[in-house]
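Trainee: For reference, the chains in residue letters:
6 protein chains.
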Amino acid sequence: MKKHKIITLGEILMRLSPIRHKRFGQTTEYETYYGGAELNVASSLGNYGMNVSMVSVLPEHDIAEDALMHMRKFGIDTSNVLRKEGRLGLYFVEAPSMQRGGKVIYDRADSAFTQTEVDAFDWDAIFEGATWFHWSGITPAVSESAALITAKALEVAEAKGLKVSMDYNYRAKLWQWGKSHEEVMPALMEKCHVMSGIHPDVDVLNEEVTDLDFALSGKEMMAKYPNCEVVVFSSRGVKSANHHTWAGALFDGKKVYRTKKYELSHIVDRVGGGDAFMAGVIYGLHAFEGDLQQCIDFATAASAFKHGIDGDFNAVRKEEVMQMISSSDFSKVDR
Amino acid sequence: MKKHKIITLGEILMRLSPIRHKRFGQTTEYETYYGGAELNVASSLGNYGMNVSMVSVLPEHDIAEDALMHMRKFGIDTSNVLRKEGRLGLYFVEAPSMQRGGKVIYDRADSAFTQTEVDAFDWDAIFEGATWFHWSGITPAVSESAALITAKALEVAEAKGLKVSMDYNYRAKLWQWGKSHEEVMPALMEKCHVMSGIHPDVDVLNEEVTDLDFALSGKEMMAKYPNCEVVVFSSRGVKSANHHTWAGALFDGKKVYRTKKYELSHIVDRVGGGDAFMAGVIYGLHAFEGDLQQCIDFATAASAFKHGIDGDFNAVRKEEVMQMISSSDFSKVDR
Amino acid sequence: MKKHKIITLGEILMRLSPIRHKRFGQTTEYETYYGGAELNVASSLGNYGMNVSMVSVLPEHDIAEDALMHMRKFGIDTSNVLRKEGRLGLYFVEAPSMQRGGKVIYDRADSAFTQTEVDAFDWDAIFEGATWFHWSGITPAVSESAALITAKALEVAEAKGLKVSMDYNYRAKLWQWGKSHEEVMPALMEKCHVMSGIHPDVDVLNEEVTDLDFALSGKEMMAKYPNCEVVVFSSRGVKSANHHTWAGALFDGKKVYRTKKYELSHIVDRVGGGDAFMAGVIYGLHAFEGDLQQCIDFATAASAFKHGIDGDFNAVRKEEVMQMISSSDFSKVDR
Amino acid sequence: MKKHKIITLGEILMRLSPIRHKRFGQTTEYETYYGGAELNVASSLGNYGMNVSMVSVLPEHDIAEDALMHMRKFGIDTSNVLRKEGRLGLYFVEAPSMQRGGKVIYDRADSAFTQTEVDAFDWDAIFEGATWFHWSGITPAVSESAALITAKALEVAEAKGLKVSMDYNYRAKLWQWGKSHEEVMPALMEKCHVMSGIHPDVDVLNEEVTDLDFALSGKEMMAKYPNCEVVVFSSRGVKSANHHTWAGALFDGKKVYRTKKYELSHIVDRVGGGDAFMAGVIYGLHAFEGDLQQCIDFATAASAFKHGIDGDFNAVRKEEVMQMISSSDFSKVDR
Amino acid sequence: MKKHKIITLGEILMRLSPIRHKRFGQTTEYETYYGGAELNVASSLGNYGMNVSMVSVLPEHDIAEDALMHMRKFGIDTSNVLRKEGRLGLYFVEAPSMQRGGKVIYDRADSAFTQTEVDAFDWDAIFEGATWFHWSGITPAVSESAALITAKALEVAEAKGLKVSMDYNYRAKLWQWGKSHEEVMPALMEKCHVMSGIHPDVDVLNEEVTDLDFALSGKEMMAKYPNCEVVVFSSRGVKSANHHTWAGALFDGKKVYRTKKYELSHIVDRVGGGDAFMAGVIYGLHAFEGDLQQCIDFATAASAFKHGIDGDFNAVRKEEVMQMISSSDFSKVDR
Amino acid sequence: MKKHKIITLGEILMRLSPIRHKRFGQTTEYETYYGGAELNVASSLGNYGMNVSMVSVLPEHDIAEDALMHMRKFGIDTSNVLRKEGRLGLYFVEAPSMQRGGKVIYDRADSAFTQTEVDAFDWDAIFEGATWFHWSGITPAVSESAALITAKALEVAEAKGLKVSMDYNYRAKLWQWGKSHEEVMPALMEKCHVMSGIHPDVDVLNEEVTDLDFALSGKEMMAKYPNCEVVVFSSRGVKSANHHTWAGALFDGKKVYRTKKYELSHIVDRVGGGDAFMAGVIYGLHAFEGDLQQCIDFATAASAFKHGIDGDFNAVRKEEVMQMISSSDFSKVDR
Ligand SMILES: [Ca+2]
Ligand SMILES: [Ca+2]
Ligand SMILES: [Ca+2]
Ligand SMILES: [Ca+2]
Ligand SMILES: [Ca+2]
Ligand SMILES: [Ca+2]
Ligand SMILES: [Ca+2]
Ligand SMILES: [Ca+2]
Ligand SMILES: [Ca+2]
Ligand SMILES: [Ca+2]
Ligand SMILES: [Ca+2]
Ligand SMILES: [Ca+2]
Ligand code: NI
Ligand code: NI
Ligand code: NI
Ligand code: NI
Ligand code: NI
Ligand code: NI
Ligand code: NI
Ligand code: NI
Ligand code: NI
Ligand code: NI
Ligand code: NI
Ligand code: NI
Ligand code: NI
Ligand code: NI
Ligand code: NI
Ligand code: NI
Ligand code: NI
Ligand code: NI
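Protein chains in written order, with the UniProt record's numbering: chain A, 1 to 335; chain B, 1 to 335; chain C, 1 to 335; chain D, 1 to 335; chain E, 1 to 335; chain F, 1 to 335.
Derived from the structure by calculation, the hints contain no laboratory data.
Mixed in with the good hints, there may be bad ones.
The list treats identical chains as one, so a pair stands whether inside a single copy or across any two.
[To be verified] Calculated cross-link-like contacts (lysine-lysine; reagent style DSS-like; alpha-carbon spacing at most 25 angstroms):
| hint | residue 1 | residue 2 |
| --- | --- | --- |
| 1 | Lys239 | Lys261 |
| 2 | Lys260 | Lys239 |
| 3 | Lys103 | Lys22 |
| 4 | Lys318 | Lys2 |
| 5 | Lys5 | Lys318 |
| 6 | Lys22 | Lys173 |
| 7 | Lys318 | Lys239 |
| 8 | Lys84 | Lys318 |
| 9 | Lys254 | Lys219 |
| 10 | Lys173 | Lys318 |
| 11 | Lys191 | Lys160 |
| 12 | Lys173 | Lys103 |
| 13 | Lys22 | Lys318 |
| 14 | Lys260 | Lys219 |
| 15 | Lys84 | Lys103 |
| 16 | Lys318 | Lys103 |
Excised from the complex, chain A in its bound form (with noise of 0.2 angstroms):
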């Protein structure tokens, strides 16, 4: 792979799930994980070995410390971590089962990522050496500072010729700060290269999307952010809680790169699946060498892969995503 330096920047967060699947009026024990969707991100990267680097805010205390420790497993440089009073942002996970929805309990407002002034990262320094800037649309939702930030950062990532990938990432329950993420967004992701595209309005159990379709999807993207260069798409049908189909494309502004379908039954925890997908694309991108098919191919598998495991992050070697990409008999037991 090409020699590189990928920058984060994001909210870290834990994550608390009522151990068992029970759900929040069942439990009195909650697993815990380090997540947020950038986190996600960047450990994937660490974990497929790139050199990657979180830019993000922690507070002072041992939980924020156990945080550090978790960042560091994948191989995250932590040293653009700043450390200041306040808390750390959480989020509460009730997990879905068959008609019933999964359940997200938000606690993050006020954290200490959130209330960082504008001007607290050098972006400069952060920037020395980086080849690639990665950011998504919860960061600018959380707070006018954080929005702020991100504008920052990516001023100087331009000017400093970096790549820069964006996932949109959209939450209704975080834009609360002002604006509207119509007011904010455009601004931002006109400086961006590689952008989560918008899926083409298809029922996607019931209808095939064609390429023409997602071509047309991405040709509107690119004509709106110039910079564009890559739209990739991610395509999920909902058959229940624990049964989804999947499919990617992406579209470099000439071709629509189609992967297989795969049927996700029996999923265990699709929180984190679009930040898998993400990371894997940034992966394909660097380890591919032009070669878009893989690309998409390799961030599919992954996100299918991230479907049947606990917790945020896609704790799967870029071996075994390699393997159920070329594997059809992908249930042996390796023995």
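Using the hints provided, position chains B, C, D, E and F with the ligands relative to the given structure of chain A.
Mentor: Just chains B, C, D, E and F with the ligands, lined up with the frame of chain A:
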């Protein structure tokens, strides 16, 4: 909702299930719940915000205290629970898996409830201000005195003009005290207005049950029990222990109301599904003011919900049930 | 017991502790409890069979619903708990071990409770029929509005002639909103009749505290707060995190009542020990009709009991406390 | 060891204890064990490599099968366990803590064992080839038929010349069937050779029990029961629920044999401590060929060991007991 | 059932699996089981009430003691288990999920079993009174001495006229000691009468396997190994890791006996499924006295059952297997 | 702290302990940790913020990957960990209780580490820029090649002028490869500057160890190993498995530095206590710039801390250790 006060009569049991779905011969750890058909109904009603009181008997030890605390959680009035020497009824439940059925080991013989004298309850006082009485076929099954207590309760309920609902709940293992259910139940059912009906003899996996099937079955019931105003039916098809179909029907003497059919794949725990259904009927008859379609839709959705939840009790809020009825894309994560 | 109705004011918190006494940096599983100084008092009072209602604020999500269910278990009236947007206050507790102290990470800033407007509660209605009001120094510490709400409550309580009890509960980490406890507390304490006192400055492991020590401290308090009728003291000696000594004293302006001294070796969880003590005082003042010796004996034994129980709440029955006071051979198995 | 075959008679129970030492009112998870005084003795004997068979009764369900499998683990012959309709006796055990005593809720009334007809066992066949019979005062306590079965067994044992050992095990809560232990036990004890004795009335925490004290108590017993050859005493001092002292004594009509006194601090579970002692006596009388000092040393050390182990059963190997007797620096890590 | 005594030879292993189906990189807790192909067969046979003894080798430490206790639970005779210095073989099993296969990390090299000298067992004594010998291809795979021990056992078995059954159980990772399975197995198989056969090369998800397919495969085997009387086949189709199809066939040289095809959706643990099948064959050949249809029906149902149970061992009773064969509505709750 | 780079050499092991302090014969669940004397030292150093790299060998499977991730958590550089075929060394630890000692079952023979060829490491490269080398007597014990590797490392370390520290860590069970520790260790120790010393032969529970005792022992060591500059001693008194005393001493050839004596009652886990001590010495020699009193105070407090923490690793921060040294009232809750 109109003013109401609902009284239930029944035994309070402790359920023990091997942790993590192990078999009886594999476990040294059990999860406990409080259950029993009528308590399950009362818990749902309390949980939906209804005014409900349970008539029962518990021993005097600390675990019985815990059972009372559990009941209070749901807002069930416990002032009609007698305390006397004796044991707490138990039952052990082993989860099913694929082609293997679930197993129940009853250990409720000789409980304080079954040993209660016939005149232990002052029904005039208990029914003071009450509007509705609910019982099930489990209570007259467990002992002669329990059967006589049920008869006495029904007599006073009739005299006071209460509406009465009943769930047949036939359990072959329980009728051990001398008389059969055919000898005992008809006289009790004569005083009831809302009943669980006998499902038409149709293989629901492979055949369509027609409205006429339900109407015939309902009419037969009403002919036999002239006080009966509403008969409710649930219709279960069993593909495997983990995958059922589920639908409901209601007959009011004139018309058959049907619900959509739920595919219940990846079932977590079916115990208490029927109780959730009956509680939904009682709630629906109060809340939807004569809209019988909404009533049976609510009951059926509530019961479908229950199959995705560990334990006897249907840990859902009424808003969640309403949402499931109306939603088609039920499996979104709410975030 | 004479007729009474006790009102408490305070925040409802969720406590999270690493399972099996691990350190924060070692765990991925937490046990949860609901706690908070005033809720702990209310739970004990409800558990002893008293008529108690809690004034508080909770957010609108499912975990807050669970907190309400928890309160109802103990018979606490929840009709005075407001629901509003915001977060649930949390705190993380790490167990101590030998020479290592326990750790608390507060995460209660900006909770729904602290953000409540000053006039959110109709104290006239709340105190209708009430006989006693209990609060602690934690409430005025958490926000300016909470301090003002406390002041308002005390004003109405005085106007209505309620008896008022107070626990000073100084927590240095909490007083962050602008004023210090020395500025705020005295005006509030002026309206109180029963108070936790300042323990005489004696090394209880090595010195004897005399009756005179306690009387002097109590008199000083009464001089400063003329409404004060009863001052209660607890006396803790710390040999190690697992081994304390514990004793109580009560001063009524005339006489000092002392208890035996408990050796608390093999402590399980000291959090909530002071709350158990204060609840014991309130219960004792009601139940023992002026027998102040029995009152302080009960409070001290109840609190000793608490040290042997996991969680904030003192999960004991009043009969067990009475038995501990009278028994000398306390460690028999009852079988 | 000389050739032997030991027969025990007693009930097989399932014990349920709240996980992680919680109180009954705090738990929704129980750990289970199989126990009962005589099964505990049999398990120890089997574990020490002795030839032992248990006479008992179990119901026909899957949990009873699991109990049988449990017994076979220790090499206990189960061919004398009858199977019949009925329930499995249970008991719930809450762990003590500091000044709080342990709690036992018996739920063993009306078990299959207590309902067994008097002539259910063919004692001639059972005792064929047997050399020793062990029973305890728990069996005649649980029902009239169990008392009569015990009498019948003793009669045949005497006729066949077996040695008989007995543990008095008085449990006030159990003697409910009509006669008192004073009415029933003496006739049964007349046929016994080895007995648990009545400890001299001395406060062992503060006074020394003399050899004479034990000799007097033993002689009184032998005077009353002329077949008695050996009386064994255990001597427990209770500092707190977590800290006892423990010592043993044996009287053979001529001499008193004493053991060292164990400080049992940090006790894990005292239930079954007496059974471990009695099993140690039986093993010692067989293994040490008349060396009565070694016999009582072994029994007392084995029982001390038990206090450090969860559950009823003394999960130790005889080599470990021997090592504890001889070792002074008992707390090395063996590595 | 006719008189029989079955001898198995094989290694006893401890299996470790991450608790709650986590991945290796996610867990700090493992559940343990004792397993191994031949122990799994022996456990099933003991569990079905057969007379079975296992020839094996275990180290001398406490965990090996626990393994012996585990074997005794099922009634397996352990008198032929040697104890010697060395280690206990282990294997780590990670559960599969959807498109992800299961993983096994063997850690059984250099175990006490593999290091046993060729003449460690006195086969004449071991086979005294025996009627049947079972082994599998795993034993000759693990070391040269184990292969020679197998050869020696087969030689004596033949001399004494025992029936011999064999499961090929090819594990590529195990054949490391120098020779390949093609070099070693044929000479061993020559002495066998009942064998697992090579499934016809058919894609069972999409094609029908005909009786002729099985007959050709069986005849080829019998031509190669003239002692062979019965060849059994299992037929697995893999839709995903959680959903297989499963069917069995038996060829006796004349006729092919087929079973119904099981849809195994929601699989819990497939490890040991083949061992459950082979144990079912051995049981069936003894229990059904020449009814080969019943034999293969039993074996296939028993194995289907296993897929719904955690761990290597098939924790079912023979009555449950019989019931599954005969039942069409297999998913009733038995209450 | 002055610039430094510390290299350790040693085996990485997985430790398995029965959950909730059960005995080996009672558990089916194990908690796992990564440990080993030198890894424990490295983890502490990394945790204190030091620059540390570990030289070791791990197999190629997923559990070994997890071990590497664990190491990275603490900031240990893993670039000197070779990967090769073979197994991961394990050890099973059973917790002690009262008079019962702890048990360790080593299962580390034939691990990848012990099988590594003598010239596998390029010590010149590894020591490039390094200032300190730490090893322990466990490495030369496990295999001849490991002993030769240690010798080689020491040779290069001496050539490059590194400071060398050593912990004797004698484990009788480990020296199995042919030579005894007396034959091997002296030549290795000659190159060391900081050593664990032989505690004067005094019964620390009942006698005072004088400064002279320590000085004599230290001088003897320095006479034998002229490079030795510092000898450190820990002094443990064992009252029971749950209650030790603990103190430290340091001799620099001139003066004996002593610490206070800790009463360690309610010990949680003593394994790794010595490693925590040695890590504290190394940290102290770097951090306190010649203040040897502070150095030994830190090491002893850090080790005392370890006894209150589950697992091998001393999960404490250096600020906590400093606080324990200075604090007298160590058991306050920090809130
Ligand atoms: Ca729970
Ligand atoms: Ca996420
Ligand atoms: Ca188990
Ligand atoms: Ca039920
Ligand atoms: Ca953990
Ligand atoms: Ca508190
Ligand atoms: Ca619980
Ligand atoms: Ca017992
Ligand atoms: Ca974990
Ligand atoms: Ca196997
Ligand atoms: Ca267990
Ligand atoms: Ca170690
Ligand atoms: Ni789970
Ligand atoms: Ni699960
Ligand atoms: Ni899960
Ligand atoms: Ni589950
Ligand atoms: Ni378990
Ligand atoms: Ni479950
Ligand atoms: Ni623990
Ligand atoms: Ni604990
Ligand atoms: Ni504990
Ligand atoms: Ni605890
Ligand atoms: Ni514990
Ligand atoms: Ni404990
Ligand atoms: Ni325990
Ligand atoms: Ni599970
Ligand atoms: Ni599961
Ligand atoms: Ni499982
Ligand atoms: Ni513990
Ligand atoms: Ni522990």
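Trainee: Now look at each hint and say whether the structure bears it out.
Mentor: Right, here's what the structure says about each hint:
In the homo-oligomer, the alpha carbons of Lys239 and Lys261 lie at most 25 angstroms apart both inside one protomer (14 angstroms) and across protomers (14 angstroms), since each shortest distance falls under that limit. Taking identical chains as interchangeable, the C-alpha atoms of Lys260 and Lys239 lie at most 25 angstroms apart whether they share a chain (18 angstroms) or sit on different chains (16 angstroms). Taking identical chains as interchangeable, the C-alpha atoms of Lys103 and Lys22 lie at most 25 angstroms apart whether they share a chain (12 angstroms) or sit on different chains (22 angstroms). Only within a single protomer do Lys318 and Lys2 lie at most 25 angstroms apart by alpha-carbon distance; the minimum there is 17 angstroms, versus 40 angstroms between protomers.
Taking the shortest alpha-carbon separations for Lys5 and Lys318, only the intra-copy value of 18 angstroms comes in at or below 25 angstroms, while the best inter-copy value is 32 angstroms. Taking the shortest Cα distances, Lys22 and Lys173 sit within 25 angstroms of each other inside one copy (24 angstroms), while across copies they are farther apart (31 angstroms). For the identical chains of this complex, Lys318 and Lys239 are inter-copy neighbours only, at 23 angstroms across copies versus 29 angstroms inside a copy, given an alpha-carbon limit of 25 angstroms. Proximity of Lys84 and Lys318 under a CA criterion of 25 angstroms is satisfied inter-copy only: 20 angstroms between copies versus 35 angstroms inside one chain copy.
When the C-alpha separation of Lys254 and Lys219 is checked against a cutoff of 25 angstroms, the pair qualifies only within one copy, where the shortest distance is 9 angstroms, while the shortest distance between copies is 59 angstroms. In this assembly of identical chains, Lys173 and Lys318 lie within 25 angstroms of each other by CA distance solely across copies; the values are 22 angstroms between and 34 angstroms within a copy. Taking CA atoms no more than 25 angstroms apart as the test, Lys191 paired with Lys160 passes inside one copy only; the shortest distance there is 12 angstroms, against 52 angstroms between copies. For a Cα distance limit of 25 angstroms, the shortest separation of Lys173 from Lys103 inside one copy, 12 angstroms, qualifies, whereas the shortest one across copies, 33 angstroms, does not.
In this homomeric assembly, Lys22 and Lys318 come within 25 angstroms of each other (Cα to Cα) only across copies, at 18 angstroms, whereas the closest approach inside a single copy is 32 angstroms. Within a single copy, Lys260 and Lys219 get their C-alpha atoms as close as 23 angstroms, which meets the 25 angstroms cut-off; across copies the closest is 41 angstroms, which misses it. For the homomeric pair Lys84 and Lys103, the shortest alpha-carbon distance between copies (19 angstroms) is at most 25 angstroms, but the shortest distance inside one copy (30 angstroms) is not. For the identical chains of this complex, Lys318 and Lys103 are inter-copy neighbours only, at 16 angstroms across copies versus 30 angstroms inside a copy, given an alpha-carbon limit of 25 angstroms.
Violated hints are absent here; each numbered hint is respected by the structure.
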